[in-house]
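For reference, each letter of the sequence shown is one residue, going 1 to 121 in UniProt numbering.
None of these hints come from the bench; they were simulated from the model.
You may find that some hints are simply not true.
[Said to hold, decoys possible] Computed spacing ranges between beta-carbons, pair by pair: (1) Glu-108 x Gly-52: 16 to 26 Å; (2) Lys-79 x Ser-14: 27 to 37 Å; (3) Leu-93 x Tyr-31: 17 to 27 Å; (4) Asp-4 x Leu-76: 31 to 41 Å; (5) Gly-52 x Thr-30: 14 to 24 Å; (6) Tyr-31 x Glu-108: 31 to 41 Å.
Ideal Cβ positions, reconstructed from N, Cα and C, are used throughout, including at glycine.
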Amino acid sequence: MRTDDLTVYLAEISGETVGTATVITLPNLTYGCAPTAFVEAVGVSPDHRRRGVATALMARLLDDARFGGCNKVQLLSHKRHATDGAHRLYTALGFSPEAEGFRLYLREVPEAVRAGTDQAR
C-alpha cells in the first residue's frame, strides 16, 4: 500500500504475509527542507523471526528513503525489544539511540502493552 506520504511494506512467503513495516514521510523545515521518514509497525510473525525478514524490509525502506531524498529516518522501539533482537537489528543497520521518546495513548491500551510484556505482540 502506498500514498504520497505513507508506505506499508509487506514481506510474503508463499502468499502468506510474514512481516510488515510502515513508513510515513513528512516534510521538515530544517535540513534544507529534506523530508524525514518515520518508521512504525515493524513486525515479523513468530515462526519467521531471525530469518532475515525484518532486515529485508528495513533495507528496502531505507533504500526508498534515500531515493526519496530523506535527510533522516527515525523510529521508536519499545524498551522490551532490547532483548528480542530488534535493537541489535536497528544498530546493525546504522541506527543509533539518541533521543528519549514519549507517548500519550488516546484510547484504552491493553495492560500487556503498557507493561511491555511479550503478550503484547
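Broken hints, numbered, in rising order? When the structure is compared with the hints, numbers 1, 4 and 5 turn out to be violated.
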